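Undergrad: Residue-level listing of the chains:
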Amino acid sequence: MSSSPDKLVYMANQIGKFFHSQGHDRAVQGISEHIWKFWDPRMRKQIFAHLDTGGAGLDPDVLDALQKLKQQA
Amino acid sequence: MSLIQEIDFGTPKSKSEAMVTLTIDGNQITVPEGTSIMRAAMEAGTQIPKLCATDMVDAFGSCRLCLVEIEGRAGTPASCTTPVMPGLVVHTQSDRLKKLRKGVMELYISDHPLDCLTCAANGDCELQDMAGAVGLRDVRYGYEGENHVFAKSHGCENDSWMPKDESNPYFTYDPSKCIVCSRCVRACEEVQGTFALTISGRGFESRVSPGMSESFLGSECVSCGACVQACPTATLTEKSVIEIGQPEHSVVTTCAYCGVGCAFKAEMRGEEVVRMVPWKDGKANRGHSCVKGRFAWGYTTHKERILKPMIRERIEDPWQEVSWDEALNFAAAKFKGIQQKYGRDAVGGITSSRCTNEETYLVQKLIRAGFGNNNVDTCARVCHSPTGYGLSQTFGTSAGTQDFDSVEDTDVVLIIGANPASAHPVFASRLKKRLRQGAKLIVIDPRRTEMVESPHVKALHLPLMPGTNVAVLTALAHVIVTEGLVDEAFVRERCDWSEFADWAAFVAELKHSPEATAIMTGVDPQALREAARIYATGGNGAIYYGLGVTEHSQGSTTVIAIANLAMVTGNIGRPGVGVNPLRGQNNVQGSCDMGSFPHELPGYRHISGDAVREQFEAMWNVKLNNEPGLRIPNMFDAAIEGTFMGLYVQGEDILQSDPNTKHVVAALSAMECVIVHDLFLNETANYAHVFLPGSTFLEKDGTFTNAERRIQRVRKVMTPLNGYADWEVTILLAKAMGFEMKYNHPSEIMDEIAALTPTFTGVSYARLDELGSVQWPCNEKAPEGTPVMHIDGFVRGKGKFIITEYIATDERTGPRYPLLLTTGRILSQYNVGAQTRRTENVVWHAEDRLEIHPHDAEQRGVRDGDWVRLASRAGETTLRAEITDRVAPGVVYTTFHHPDTQANVITTDFSDWATNCPEYKVTAVQISPSNGPSDWQKAYDEQARHSRRIAPVVEAAE
Chain A
1 MSSSPDKLVY MANQIGKFFH SQGHDRAVQG ISEHIWKFWD PRMRKQIFAH
51 LDTGGAGLDP DVLDALQKLK QQA
Chain B
1 MSLIQEIDFG TPKSKSEAMV TLTIDGNQIT VPEGTSIMRA AMEAGTQIPK
51 LCATDMVDAF GSCRLCLVEI EGRAGTPASC TTPVMPGLVV HTQSDRLKKL
101 RKGVMELYIS DHPLDCLTCA ANGDCELQDM AGAVGLRDVR YGYEGENHVF
151 AKSHGCENDS WMPKDESNPY FTYDPSKCIV CSRCVRACEE VQGTFALTIS
201 GRGFESRVSP GMSESFLGSE CVSCGACVQA CPTATLTEKS VIEIGQPEHS
251 VVTTCAYCGV GCAFKAEMRG EEVVRMVPWK DGKANRGHSC VKGRFAWGYT
301 THKERILKPM IRERIEDPWQ EVSWDEALNF AAAKFKGIQQ KYGRDAVGGI
351 TSSRCTNEET YLVQKLIRAG FGNNNVDTCA RVCHSPTGYG LSQTFGTSAG
401 TQDFDSVEDT DVVLIIGANP ASAHPVFASR LKKRLRQGAK LIVIDPRRTE
451 MVESPHVKAL HLPLMPGTNV AVLTALAHVI VTEGLVDEAF VRERCDWSEF
501 ADWAAFVAEL KHSPEATAIM TGVDPQALRE AARIYATGGN GAIYYGLGVT
551 EHSQGSTTVI AIANLAMVTG NIGRPGVGVN PLRGQNNVQG SCDMGSFPHE
601 LPGYRHISGD AVREQFEAMW NVKLNNEPGL RIPNMFDAAI EGTFMGLYVQ
651 GEDILQSDPN TKHVVAALSA MECVIVHDLF LNETANYAHV FLPGSTFLEK
701 DGTFTNAERR IQRVRKVMTP LNGYADWEVT ILLAKAMGFE MKYNHPSEIM
751 DEIAALTPTF TGVSYARLDE LGSVQWPCNE KAPEGTPVMH IDGFVRGKGK
801 FIITEYIATD ERTGPRYPLL LTTGRILSQY NVGAQTRRTE NVVWHAEDRL
851 EIHPHDAEQR GVRDGDWVRL ASRAGETTLR AEITDRVAPG VVYTTFHHPD
901 TQANVITTDF SDWATNCPEY KVTAVQISPS NGPSDWQKAY DEQARHSRRI
951 APVVEAAE
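Sequence lines, in order, name chains A and B. Here our numbering is used: the first residue of the first sequence is 1, the next is one more, and so on. Here our numbering is used: the first residue of the second sequence is 1, the next is one more, and so on.
Simulated from the structure, these hints should not be mistaken for lab results. For clarity, every value in this text was computed on a predicted model and none was experimentally measured. Misleading hints may appear alongside valid ones.
Said to hold, decoys possible - Here are the computed distance ranges between Cβ atoms for each label pair: (1) A/Pro60 to B/Pro929: 30 to 36 Å; (2) B/Arg948 to A/Gln29: 34 to 40 Å; (3) A/Pro60 to B/His302: 18 to 24 Å.
Unchecked claim - In silico lysine-lysine, DSS-like type, Cα no more than 30 Å apart, as pairs: (4) A/Lys70 to B/Lys800; (5) A/Lys45 to B/Lys98; (6) A/Lys17 to A/Lys37; (7) B/Lys15 to A/Lys37; (8) B/Lys15 to B/Lys336; (9) B/Lys336 to A/Lys45; (10) B/Lys336 to B/Lys662; (11) A/Lys17 to B/Lys511; (12) B/Lys458 to A/Lys37; (13) A/Lys70 to B/Lys341; (14) B/Lys798 to B/Lys308; (15) B/Lys623 to A/Lys37; (16) A/Lys37 to B/Lys336; (17) A/Lys17 to B/Lys798; (18) B/Lys440 to B/Lys15; (19) B/Lys308 to A/Lys68; (20) B/Lys662 to A/Lys70; (21) B/Lys440 to A/Lys68; (22) B/Lys716 to A/Lys37; (23) A/Lys17 to B/Lys662; (24) B/Lys662 to A/Lys45; (25) A/Lys17 to B/Lys800; (26) A/Lys45 to B/Lys341; (27) B/Lys239 to B/Lys716; (28) B/Lys742 to B/Lys511; (29) A/Lys7 to B/Lys662; (30) A/Lys68 to B/Lys798; (31) B/Lys433 to A/Lys7.
Note that beta-carbon positions come from the ideal geometry of N, C-alpha and C, so glycine has one too.
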C-alpha cells in the first residue's frame with residue numbers, strides 16, 4: 001500500500017472514527033483540524049483530488065471535514 | 001582530573017523531619033531522627049571503621065568493627081545498627097575499642113589471602129583500608145588451620161576452598177577472598193530486588209551462594225552489578241578491572257541505553273574506560289544500574305565500528321572509503337541534485353533518539369533551515385508519538401508528570417503495556433522496593449511479565465487480548481464512575497466540568513461495563529472491578545505505561561484514556577501519583593522536545609504559528625516553510641510514489657525497527673540518496689549511498705533528557721575514534737549544503753535552544769554543572785526545574801476529558817491467521833540490538849525466540865526449541881519456539897533484537913489513527929513447524945552480505 005487514495009482514505013476514516021462519538025459538528029471540526037495540523041501538503045492535495053472525484057469510501061463526517069478544510073485552503 | 005570518591009555514610013539517609021542532637025567525640029551533631037550513629041559521625045567527618053555497612057543497604061551489624069562506646073550504656077554497640085538519641089555522648093576511639101577492632105581484623109585476615117600486591121582490588125580494597133585503620137601489624141593465628149584460602153592444605157585437597165566462578169562475562173566471583181559481610185546478598189535483595197544471592201551454611205561454613213550453589217550465570221542473577229559495587233574486597237570484581245587495573249580519573253556522564261537515564265561515573269585510565277559505576281547522586285538511578293549501562297559498553301570500541309566515511313553510486317556497489325570532504329560533498333551534491341530535479345520537499349531526515357539534544361536540534365535545524373522543508377521525524381514516531389498527542393490534548397504537555405523519586409510516595413502502581421523489569425530495569429528496582437514496603441501493583445498486559453511475579457511481589461494481573469486496551473481502560477472508568485469513586489472535588493476544581501459530564505455519561509453506558517466488554521478483552525470482570533477500586537481508593541495511584549499502550553491503532557486513544565483515569569481519581573499534581581510514560585530510548589523525550597516532529601518546532605509549537613516561526617527565522621536568518629512535513633511512514637509512501645528521494649538518517653536503524661520490512665525496503669530502494677550516519681553498518685545502511693561514521697556517547701559532550709523530563713550532561717571521556725562528534729558532522733554536512741552553522745561547543749547549541757524555547761530558558765551547562773540535572777520546565781518560574789507537573793492546575797488550563805470509543809483494529813485473526821503476535825524486549829538486549837549484540841550480553845540472549853502457549857504448540861506439533869515458520873499477511877520468517885504459559889492461548893510473543901529474525905517482516909502497515917505510530921503490538925499470524933530460515937531471510941541475508949562489502953584500498957605503486 002503506497003500513499004494511494006486508498007491509504008489516505010483509510011487514514012482519514014480512522015481519524016473520523018475517533019471523533020465520531022463527539023457528535024457531527026465537533027467531529028467535523030476535530031477531523032479537519034487534525035488533518036490540517038498533521039498532514040503534509042502533498043497528502044492533503046491527494047485527498048482533495050480524491051474528494052473532487054466524489055470522495056468514494058470516505059465516511060460522512062470525514063467527507064464534510066475535508067470539504068470544510070478544502071474551502072479554507 | 002581525579003577519581004571521584006563518593007562518601008560512603010555507612011547507612012541510608014533518614015527521611016525524618018524531626019531532628020536529634022547528640023555528641024560524638026566531643027562535637028555536637030544534629031541529624032534527622034532514625035539516623036545511625038555511624039552515619040551521624042560520618043556526616044560530621046568522622047569515619048568509624050566498618051566492613052559490612054554501606055549506605056546503599058540497611059544496617060546489618062555483622063562485622064563488629066564499627067563498635068563505639070556510649071556514656072551510660074553497657075558494652076560496645078555497633079554504630080551502624082544503633083540509632084541516634086537526643087543527648088547521647090558517643091566515643092568512637094578508646095583503648096578498649098582499639099583492642100576489640102584489632103582482634104576482629106586479625107580474625108578476618110587470618111582467613112584471607114595476603115596477595116595484596118597482585119590483587120585486582122589493590123588500591124580499592126576496604127579490607128586493606130580497615131587493616132590500616134585499626135593498625136593491624138600481626139596475625140597470630142597463621143594459615144595452617146582450617147581456611148578458605150588455599151586449594152590444598154598439608155598436601156591434601158582443601159574442601160573449604162572453592163575455585164573462582166568466571167561464568168558471568170563481566171565479573172568474577174573469587175570465594176577465597178570473601179569475608180562474608182553479605183553486602184552483595186543485601187544489595188541483590190534491597191537495591192536490585194532479584195534475591196539471587198544468599199549465604200549458604202552457618203558459622204565458618206558460610207558462603208555467598210548464587211541460587212542453590214549455582215554459577216552466577218546459571219542462577220537468577222540479572223548481572224546488574226549491585227553486588228560487585230557493594231563488595232568491599234576483590235571477591236566480586238569487574239573483569240575489566242582485573243585486566244586493566246585501577247582507574248585514575250573519572251567523569252560523571254549519562255547512560256546511552258534506555259529512558260531511565262542513569263548517571264554513571266566513567267572510571268578511566270587515560271582514554272580507556274576501566275569501568276562504569278553508577279553515581280549515587282544521579283537523581284534517576286540513585287546509585288543503581290542494570291547489565292546494559294553497567295557493563296555493556298564494549299560496543300564503543302568494537303571492531304565492526306566504521307571509522308571512515310564511505311560512498312557508492314549504487315547500493316549494489318561495494319563501499320568506497322573516502323575522506324570526510326569527499327563524502328560530505330558527494331552527499332551534498334546528491335541532495336541538491338534531488339531537490340533541483342524533484343523539488344525542495346523531496347528530501348528529509350530522521351533525528352536520533354540515541355544522540356544528544358544538541359545533535360537532534362541541529363539535524364532538525366539542518367532540515368528546516370538548510371533543506372528548506374519540514375520533512376523531519378524521529379524514532380518516537382514508532383514508539384511514543386501517541387504519548388505526545390494524548391497528553392498534550394488532555395493535560396497540555398507532551399511528557400510524563402513525575403520524577404522517579406515519586407514512586408517512593410506511591411500506594412498503588414498501575415502498569416499498562418510495559419515491562420520495566422526488562423526494559424527499564426533500574427526504575428523497576430526502585431518500584432519493587434516500594435512494592436516490598438506494601439504498595440499494591442496492578443499489571444495490565446497480555447503476558448505474565450517479570451513484573452507480575454517476582455520475589456515478594458504479587459500483582460493483580462489483568463491479562464487482556466492484544467488490541468483491547470481502550471476497552472479495558474474504559475471499563476475501569478465505568479467502574480469508577482458507576483460505583484461513585486470519582487474524586488469530584490478534584491474534577492470540579494481542575495477539569496472542565498461539562499466535558500467531564502459528557503465523558504462520565506459515555507463511560508457509564510452499560511456496554512462499557514467490565515461484564516459487557518469481557519468477551520472482547522478476555523479480562524475477568526471481577527478482577528477488573530477490583531483493580532478499579534484499588535486504583536481509585538488505595539491512596540496515591542500512579543500509572544506507568546510503555547509501548548504496549550502506544551503501538552496500536554488506538555495508541556493515542558489509550559493515552560487519552562489513561563489521562564482520563566488519572567483525572568477522574570484526582571491522581572495528578574503531587575508526589576506519588578501521575579501519568580508516566582516509560583520512554584524506550586535514552587533521549588526519546590529529548591528528541592521530541594527538540595522539534596523532531598514534522599509539524600512542530602522545539603518546545604512543541606506548531607510550525608504554522610507565525611510568532612514562534614518568526615523567532616526561529618530571526619535566529620537562523622532564513623525563511624521557514626509553514627506547512628507540516630512528512631512523518632516517517634509518509635516518507636516511505638512518498639518514496640514509493642516517487643516524490644521523496646533523499647533521506648539523512650542519524651543514529652536510527654529504520655529498516656530493522658520499522659514495521660513491514662518489505663515496504664521499508666521498497667521505499668529505501670526507491671530513493672536516490674540515503675545517508676546513514678551511524679556507528680555500524682546497520683540494516684538501513686544496506687540501502688545507503690553515503691555512510692558517515694558516528695561517535696559514541698563516550699566521545700562527545702551534550703545532554704540527554706530522560707523519561708522524567710530530566711536533562712543530564714553527557715561528558716566526553718575519549719577522542720572520537722571516527723574523528724568527529726556527531727554534532728560536528730551535521731555542521732559539516734550543512735556547510736557542504738551551503739548552510740553555515742557556527743558552534744564551538746555543544747553548550748552554545750544549548751544556549752540557542754534555551755533562547756528559543758520557553759520551557760528551557762533556565763537551562764545552561766553552567767546550571768547543569770551546578771545542580772547535577774534539571775527537569776524541564778526550567779525557567780524564571782521554576783529556576784531549579786519541575787519534578788512534578790500540574791501541581792496547582794493543568795498546563796493547558798482545565799484538564800480535558802475526551803471520550804474514548806473502543807474501535808477494534810482492522811488487523812483481525814481469522815482461519816488463516818488465528819493467533820495474535822505481540823512484541824517486546826528482553827533485559828540484556830536493547831532496541832534493534834546494534835549496541836548490545838556487540839557485547840557479551842549475547843550470552844543471555846543469542847537469538848529471538850517465539851513464546852507460544854503449550855496448547856497452541858501441541859495443536860501444531862511444535863516442541864520447545866523447534867524452528868517454526870511465523871507468517872502474517874505482510875510476510876513470513878522463521879525462528880525457534882519457546883513453549884511457555886506466560887502467554888495466553890491464542891497469543892504468541894517475540895523480541896526484535898536480532899536482524900536475522902526479521903520480526904518486522906511480519907508486522908503490518910496498520911498504525912495509530914492520530915500519529916501513524918505503527919501497530920507493532922497486534923499482528924494476526926499462523927505458526928507451523930519449519931526446517932530453517934525462510935526464502936526471504938536467505939535472500940535478505942545475501943543482499944546484506946553483498947551490500948556490506950567494502951572495496952579494498954588500492955595503494956598507488958611507487
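Undergrad: Determine for every hint whether it applies to the structure shown.
TA: Status of the hints after comparison with the structure:
1. A/Pro60 to B/Pro929: 30 to 36 Å: Distance hint for A/Pro60, B/Pro929 is violated at roughly 48 Å.
2. B/Arg948 to A/Gln29: 34 to 40 Å: For A/Gln29 against B/Arg948, whose Cβ atoms are near 51 Å apart, the range 34 to 40 Å is violated.
3. A/Pro60 to B/His302: 18 to 24 Å: violated (57 Å)
4. A/Lys70 to B/Lys800: holds (28 Å)
5. A/Lys45 to B/Lys98: violated (86 Å)
6. A/Lys17 to A/Lys37: holds (18 Å)
7. B/Lys15 to A/Lys37: Violated - the C-alpha atoms of A/Lys37 and B/Lys15 are around 48 Å apart, more than 30 Å.
8. B/Lys15 to B/Lys336: It is violated: about 61 Å lies between the C-alpha atoms, which goes past 30 Å.
9. B/Lys336 to A/Lys45: holds (25 Å)
10. B/Lys336 to B/Lys662: Distance ~28 Å between B/Lys336 and B/Lys662 Cα, so the pair holds.
11. A/Lys17 to B/Lys511: holds (18 Å)
12. B/Lys458 to A/Lys37: violated (44 Å)
13. A/Lys70 to B/Lys341: holds (28 Å)
14. B/Lys798 to B/Lys308: violated (54 Å)
15. B/Lys623 to A/Lys37: holds (20 Å)
16. A/Lys37 to B/Lys336: Distance ~28 Å between A/Lys37 and B/Lys336 Cα, so the pair holds.
17. A/Lys17 to B/Lys798: Status holds; Cα separation ~25 Å.
18. B/Lys440 to B/Lys15: holds (22 Å)
19. B/Lys308 to A/Lys68: With a Cα-Cα distance of about 53 Å, the restraint between B/Lys308 and A/Lys68 is violated, given a limit of 30 Å.
20. B/Lys662 to A/Lys70: Violated - the C-alpha atoms of A/Lys70 and B/Lys662 are around 34 Å apart, more than 30 Å.
21. B/Lys440 to A/Lys68: violated (50 Å)
22. B/Lys716 to A/Lys37: Violated. B/Lys716 to A/Lys37 sits at ~39 Å, over the 30 Å cutoff.
23. A/Lys17 to B/Lys662: holds (29 Å)
24. B/Lys662 to A/Lys45: Answer holds: B/Lys662 to A/Lys45 is near 27 Å, not above 30 Å.
25. A/Lys17 to B/Lys800: holds (19 Å)
26. A/Lys45 to B/Lys341: Given that 30 Å is the threshold and the Cα spacing comes to 20 Å, the pair holds.
27. B/Lys239 to B/Lys716: Holds - the C-alpha atoms of B/Lys716 and B/Lys239 are around 23 Å apart, at most 30 Å.
28. B/Lys742 to B/Lys511: violated (60 Å)
29. A/Lys7 to B/Lys662: With Cα atoms ~17 Å apart, A/Lys7 and B/Lys662 stay inside 30 Å; holds.
30. A/Lys68 to B/Lys798: The hint holds at about 28 Å.
31. B/Lys433 to A/Lys7: violated (48 Å)
The structure is inconsistent with the numbered hints 1, 2, 3, 5, 7, 8, 12, 14, 19, 20, 21, 22, 28, 31, although it conforms to all the rest.
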